[in-house]
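Student: Listed here are the chains, written in short residue letters.
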Amino acid sequence: MRIVNGIAQNYFYFASMVIFLIGFHTMLTHSNLIKKILGMNIMETAVFLFVVSIGYVRGRAAPVVGGEAQQFVNPLPSALILTGLVVGVSLTAFALALIIKVYQYYGTVDADEIMQIRSEER
Amino acid sequence: MDMIELFHVMLLSFLIVCALAVAHLRDLLSAVIVFAAYSLIMAIVWQQLNAPDIAMTEAAMGAGITTLLFMVTISKTRRREQ
Amino acid sequence: MDDVVLQTVTLMLLPFIQTYGIYIMVNGHLTPGGGFAGGAVLGISLILYALTFHVDEAAKVYPRRKAEALESLGALVFIFIGLLGVLGGAAFLTNNTSFLSGQAGTLLGGGFILPVTVAVGLKVASTVVTLFFHLLEEEKR
Amino acid sequence: MRRMLATAIIILLGVLLAAAVSEMPPFAAPSNPADNQVNERYLGQVVQEVGVLNVISGIITDYRAFDTLGEAAVLFAGIAAVLAVLETHNLDTYRKDRGKNG
Amino acid sequence: MTHVPVFVIISCLGLAFALPVLCRFRPRPAGWLVRALLMLNTALVARVLLFVNHQGTFYYHLGSWPPPWGIELSIDYLGLFTALVVHGVSLAVVFYAQTDLAGEVDPRMHHWYYTLFLLLLASMTGICFSGDFFNIFVFVEIATIGACGIIALKRHPDCVEASLKYLILSTLGSGLILLSLAILYMVTGHLNLRYIAQHMPTAWAAYPLNVNISLALLVVGFGVKAALFPLHIWLPDAHSSAPAPSSAILSGVLVKIYAVALIRLIHTVYGHKLHQMIPVTQVLLLLATLAIFAGSLFAIGQRDIKRMLAYSTVAQMGYIFLGVALLTENAVVGGVTHIFNHALMKSMLFMAAGAVVYQKGFRRISDFHGLGREMPITMAVFGIGALSMVGIPGFNGFISKVYLAIGALDAGRPVYVAVILISSLLNAAYYLPIVTRAFFNQETGPATFRVDRLPLSMKATLVILGGLCIYFGLVPGSLLRLVQKAVQSLLAT
Chain A
1 MRIVNGIAQN
11 YFYFASMVIF
21 LIGFHTMLTH
31 SNLIKKILGM
41 NIMETAVFLF
51 VVSIGYVRGR
61 AAPVVGGEAQ
71 QFVNPLPSAL
81 ILTGLVVGVS
91 LTAFALALII
101 KVYQYYGTVD
111 ADEIMQIRSE
121 ER
Chain B
1 MDMIELFHVM
11 LLSFLIVCAL
21 AVAHLRDLLS
31 AVIVFAAYSL
41 IMAIVWQQLN
51 APDIAMTEAA
61 MGAGITTLLF
71 MVTISKTRRR
81 EQ
Chain C
1 MDDVVLQTVT
11 LMLLPFIQTY
21 GIYIMVNGHL
31 TPGGGFAGGA
41 VLGISLILYA
51 LTFHVDEAAK
61 VYPRRKAEAL
71 ESLGALVFIF
81 IGLLGVLGGA
91 AFLTNNTSFL
101 SGQAGTLLGG
111 GFILPVTVAV
121 GLKVASTVVT
131 LFFHLLEEEK
141 R
Chain D
1 MRRMLATAII
11 ILLGVLLAAA
21 VSEMPPFAAP
31 SNPADNQVNE
41 RYLGQVVQEV
51 GVLNVISGII
61 TDYRAFDTLG
71 EAAVLFAGIA
81 AVLAVLETHN
91 LDTYRKDRGK
101 NG
Chain E
1 MTHVPVFVII
11 SCLGLAFALP
21 VLCRFRPRPA
31 GWLVRALLML
41 NTALVARVLL
51 FVNHQGTFYY
61 HLGSWPPPWG
71 IELSIDYLGL
81 FTALVVHGVS
91 LAVVFYAQTD
101 LAGEVDPRMH
111 HWYYTLFLLL
121 LASMTGICFS
131 GDFFNIFVFV
141 EIATIGACGI
151 IALKRHPDCV
161 EASLKYLILS
171 TLGSGLILLS
181 LAILYMVTGH
191 LNLRYIAQHM
201 PTAWAAYPLN
211 VNISLALLVV
221 GFGVKAALFP
231 LHIWLPDAHS
241 SAPAPSSAIL
251 SGVLVKIYAV
261 ALIRLIHTVY
271 GHKLHQMIPV
281 TQVLLLLATL
291 AIFAGSLFAI
301 GQRDIKRMLA
311 YSTVAQMGYI
321 FLGVALLTEN
331 AVVGGVTHIF
341 NHALMKSMLF
351 MAAGAVVYQK
361 GFRRISDFHG
371 LGREMPITMA
381 VFGIGALSMV
391 GIPGFNGFIS
401 KVYLAIGALD
411 AGRPVYVAVI
421 LISSLLNAAY
431 YLPIVTRAFF
441 NQETGPATFR
451 VDRLPLSMKA
461 TLVILGGLCI
471 YFGLVPGSLL
481 RLVQKAVQSL
491 LAT
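Chain order of the listed sequences is A, B, C, D and E. For what it's worth, the numbering used here labels the leading residue of the first sequence as 1, then goes sequentially. For what it's worth, the numbering used here labels the leading residue of the second sequence as 1, then goes sequentially. For what it's worth, the numbering used here labels the leading residue of the third sequence as 1, then goes sequentially. For what it's worth, the numbering used here labels the leading residue of the fourth sequence as 1, then goes sequentially. For what it's worth, the numbering used here labels the leading residue of the fifth sequence as 1, then goes sequentially.
Same shape as in the complex, but just chain A (with noise of 0.2 Å):
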């Protein structure tokens, strides 16, 4: 009972940790090398929300001085986020580039298709 009524309490840490749980599950089991990246982009913006939610307090404004609010939510996760997407977006890019030239030496993109045309050149 206590674990559900702390995990009602932090419904959002713990949407997150389904998302990553799902990402993490897409990564590992599909062999298409496309759908593992996505499953990378999803479990890498799980991540990022639960960073995000760390900052969130309830009933302050966002971190931009100078209006009439007085209190703010943290800024900190936000700005290290704003790093973690940059991040992400160029391991996808390189990623995606790797995954053109598989394609174009192996003529699939799927993981095990791939380690199978290997066993048979060798």
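Read the hints as simulated data drawn from the structure, not as lab findings. Just so you know, not all the hints are guaranteed correct.
Said to hold, decoys possible - Covered stretches of chain A, as calculated for chain D (at least 3 residues, CB under 8 Å):
no., stretch
1, 21-31
2, 37-49
3, 77-89
As the list claims (entries may be wrong) - Negatives, chain B to chain A, calculated, CB over 10 Å:
no., residue
4, 3
5, 7
6, 37
Glycine included, each C-beta is placed from N, C-alpha and C at the ideal position.
Given chain A, work out where chains B, C, D and E should sit, using these hints.
Tutor: Frame of chain A; chains B, C, D and E shown alone:
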């Protein structure tokens, strides 16, 4: 539970449903489009969490550029997952 | 691709998108936004142009060599500005708030923040454009 | 087989993370450990110390500017890797070289 | 002097940013610029090491912001020692790469190769110095892209595939590291390592499960990147298909940098709480033992020389983790010394294998008959590396194994002494046949020659590294004093 929390829970369930859909769609192009929707909802969630900077960046980077890159890749490779 | 309506609408939209991108970038330290978001919007505007007209047309407007040079330049400017702190006798990346001699909380008020944001924004814009163009031009086999 | 293993790992991780979530500091409460002197200074002093209104911008370009330099380097590494890979494995030259070597 | 560490990082970054523009039309000067910069930086790092030895650890506040607000570099013994290893091996690799690279990477791509190499180098140095968890994460990401890039730059289908596999798995690892970072930030409210450690007791009292899970995620996340045993599946492909200089740097240094980062994080952040989290160290010990045996057994079954060396790396990472998980001072000294020794040996072995590929064009172990007569210097250096790997007294691999064994006895676990002895025999089972086959077999292998003679730059690099192996085997005193200081300052926190 007040209105705003209900709204948050709705958004979060949307996110989970979108993530599941991305995992289960066999058509990669549809999966990428659902992923774009996922990114946009994520941007709205971040707006709701009072983090407008990253909401903006996610809307431009995640929903815009990542989706475009995925689409280009799919157009160069195969569209369906076996 | 050669749809006149699409092309006209794109041409009408482009200035607004680009103005918005530059606004986000330059005003990043006063309102939500910043180099990364603004740069991405700027980059997307060029991608839109490339999609409605043709990649070659876009390459004429924004040559690839220039884009690649700008990527290096943006990052180098960042390092150079950081080194100014060392020259001033402090640590690397130390901000000198009187660098642009503006009032705190105004456009020029953040010391080296405005130049850094613009450098990063331009770098992001050209990175996005280069990435997209190069991936698009891969032949299909 | 691999699916079963992956599902087992996910379920294990899920149970652990759910237990962790129930133990985490309450969401959106003002007195969390993360709400400490660090962001007090960021929020309270940013106008005097840095001269900007957007606190996040102040953090990424001044307080933690080295991270942003690293981020620019990540972006640069990404684009350099993409360009180099696409150019190295250019199919036209690949076919040409293959034809040369028989 | 205080600016030097940050200068080392940003000069690498700056040259990396400038190279694609500078060398767009003439890629040739790129190599010389990199070599010059590396020589300067190696000298600077060595100078800072002397300075720290004299003055003690110092901290550098980037942007002049004091720690909990800004990012700080903590320049301590362990970081400097690792940075010196990184720079030394990189220096050898770039001199070796001067001629070898032309055989494996398209000459028009050399400046891209050096760009990615420099980014990798800068990030490795950054990981060594940084005292901020998120900063470490950013550098880890740069290192990921750089490492995958320098694998994929050889025009061969296997390289692209290996690079992609590596990229996907290390992104998985980074995701776990970021999650661990987030949980730590949530329960302590800090990102600076020293401040996290300071707030750890209260966090441990209030949220024990979260602290434990963050440690587990950290170990798994860095474990993927450092090729800890069941998570090593990317390593054989990536390290064997890459160009020889990349293999040397990836296998010789990069995996160890992640191990060092893990050691530093575990010891500074969790510190004395680690003894209350016995399961984690127990699991680590078990995995390390499995890694030592499984890596060696897999290596015995390989027919390709570079694949065999890659599996051997898995086994040797097991030694390092064994030393770390035993938690006694001598064991950690053994582990950290092994980081140095293995970096030296493995990069040398990969370069020797690369030299064989460069001159003869084959890499199957069965073709090595009588190679000792055709390439005496290369195979002699290979023999030194092999003997050192086995742990023959007089070579540097022996020293670290002795310290590991003493550490195991200190910890009251003599069973690990047996592990070390048996694994040495296993090492002998796959390294020594190559050497005997090359020198004492009367048959001759395939008489193919791609080039008549090995270039001087390759020979000289190999000979110098081989000499260093023997030197540190015979006169390990200065090295050990340094490592002991590093370990003492690490364990004291």
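Student: Quick check: the stretch 21-31 of chain A, covered by chain D? Criterion 3+ residues, Cβ under 8 Å.
Tutor: Holds, because 5 residues of the stretch 21-31 of chain A bring their Cβ atoms closer than 8 Å to Cβ atoms of chain D.
Student: Please check whether the beta-carbon of residue 37 of chain B is more than 10 Å away from every beta-carbon in chain A.
Tutor: Consistent with the label, residue 37 of chain B stays out of reach of chain A, its closest Cβ about 12 Å off (over 10 Å).
Student: Classify the label on residue 7 of chain B as holds or violated, using whether its beta-carbon is more than 10 Å from each beta-carbon of chain A.
Tutor: Holds, because the least Cβ-Cβ distance between residue 7 of chain B and chain A comes to about 12 Å, which exceeds 10 Å.
Student: Evaluate the condition: distance from the CB of residue 3 of chain B to the nearest CB of chain A exceeds 10 Å.
Tutor: 14 Å, holds
Student: So is the stretch 77-89 of chain A in contact with chain D by the C-beta rule, three or more residues under 8 Å, or is the coverage claim wrong?
Tutor: holds (count 9)
Student: Counting residues of the stretch 37-49 of chain A whose CB is closer than 8 Å to a CB in chain D, do you get three or more?
Tutor: violated (count 0)
Checked against the numbered hints given earlier, the structure breaks only hint 2 and satisfies all the rest.
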